[in-house]
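Asker: Just need the whole structure built from these sequences, with the hints factored in.
If you read the sequences in order, they're chains A and B.
Going by this note's numbering, the first sequence wraps up at 324, each residue one higher than the last.
Going by this note's numbering, the second sequence wraps up at 250, each residue one higher than the last.
Hints were generated in silico from the structure; no laboratory data involved.
No farther apart than 30 Å at their CA atoms in a straight line, the calculated lysine-lysine pairs in the DSS-like style are these:
id: 1; chain 1: A; residue 1: 298; chain 2: B; residue 2: 45
id: 2; chain 1: A; residue 1: 297; chain 2: A; residue 2: 231
id: 3; chain 1: B; residue 1: 45; chain 2: A; residue 2: 297
id: 4; chain 1: A; residue 1: 31; chain 2: A; residue 2: 79
id: 5; chain 1: A; residue 1: 37; chain 2: A; residue 2: 79
id: 6; chain 1: A; residue 1: 323; chain 2: A; residue 2: 231
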Amino acid sequence: MSVSRTKPVFTQGDEFEAIVRSYERAGGDGKNLLSPKFASMVVSGNQVLSTHELPGLEMVAEQLSDGVAARVTVAPGTKVELPVHLCFGVLPERGTQRIVSHFEIGAGASVEFLAHCTFPNSVEVIHLMEAEVRVGEGARMRYSETHFHGEQSGARVVPRGRILVEKGGAYLSEFSLTEGRIGELDFDYTVDVAERGRAELMVRAYGFGSDRLRTVETIRLNGAGARGLAKSRVAVREDAVSDVIATTEGNAPDSRGHVDCVEIVRDRAIASAAPLVRVTCDSAYVTHEAAIGTVNKKELETLMARGLDEEAAVDVIVGAMLKS
Amino acid sequence: MADDSLLIVEGVHLIREGTEILHGVNLTVAEAEVHCLLGRNGSGKSTMAYMLMGSGGYLPSGGTVLFGGRDITDATMTERARLGMTLAWQEPARFEGLPVLDYLRLGMAEPSEERVREALEAVALDPAVYRSRNVDASLSGGERKRIELAAVYAMRPRLAILDEPDSGVDVLSLSDIRDLFARMREQGSALLLITHRDEMVEIADRASLICSGEIVMTGEPAHVQAHYCDRCEICDVAREVEEAADYERV
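Answerer: Right, here's the structure in full:
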């Protein structure tokens, strides 16, 4: 089934309303999914509930047995002024949702995607994201993905991204899973950056209970003057475990990259970080920094000296760190 | 002991890592008083500040601390802060990702934009520029100290313990500090101003001199200042502390 429409059409009203409510719990604004000003796509399970395109922006979705395949194309030179809203959800307690996506951002185009993935009742939901992205010459794509998994046992989330940034292009990605339970996160993005291109990858996650997190970010600076930043902000408490691996390669003249990992660990949680820099060109320059520790005593006491109790102070510190 | 005493420290001893740092300290601070605590490096000034605020590892081994008539010797930092006491550290903490606006609002009983603006202007920072900046490493040392003073100002505490608010580069001028403290006093805050700079005494209503973990003099600021300048020399203990600090800076 192929779905591509220019006005919002809701195939399953009740489910759409439920997914919009859930979308709002994940931080989205439900009105934007209904507004003709915004391009949008709403997917529940393997059902495409609505799509709304704009001139120069095409979104074609095809139903799969376990999810949806979507092709998003932005025509060369198109400047999409307002964010494109993508909503992926699974409402039942159990189920698998596989999103196979292909983004083609034409030369000189500019677009921002706000994706909200919501599994509010998840007990055993599996969410697989397989994304291929090509950012054309001089184009710019920002992709922000926020998850909400409810408070029960989280979900199994497996995002995979393979991104190509062409000459002078820019790809900026933020993945955020800081509300509700994580469950299991297995994140793996790789970006290849051509001449004077730029890539920034950011992962924010807050694990607790028995949550498990593994994030792998890889940026390969293959063109002269390419720029890359692989950044992660992770907090774990109780019995959660996190494993952060971030790599930046400087493979071309005057390429510049940086890896920046910060993790806060509390209780019995275990955190590890492996920032890796690799340089194969003598004029490339790649740096890294990584810090893992518990909440800083002076930060904690400073907030307690303003009247916050210890738990509230920790929440402020962790919350701020995850937003940085 | 005056009737208007807000803080009363009686015979406080404090031991850190097996060594007694404070030896039976006595100190009073009145309501809305600016009290300057002078002393050389290593004399116990910062230890006093942490002990008064109830910082971890700084609980007295003897003596009592009364605040507003209540015994707070064993109270937590949060309890002390909620009674109206706060502390501005000599080197304030930095918070990655925390905007100045949020930081200032944290300590305010009734958070308001107006109060945030007033607090930033009180420390000569442009609210339009600073309210959205983060309290992180992007701030200079002087900017961070000003924001700490703004946070204390915004809180309207009954007692603000200010540990070396005048140290470092790019801090407020003495006249600006004087104006700020005058405003805080007008709003009913008492200040315990901890410093080794004798000129800060000019701002104070009273002053005390601490030496080797003991308060050796309390009285008229000019009198204490004169004693500090004329007779208080760097002793062996203080010299060792200063040399160690210099070594760490190198």
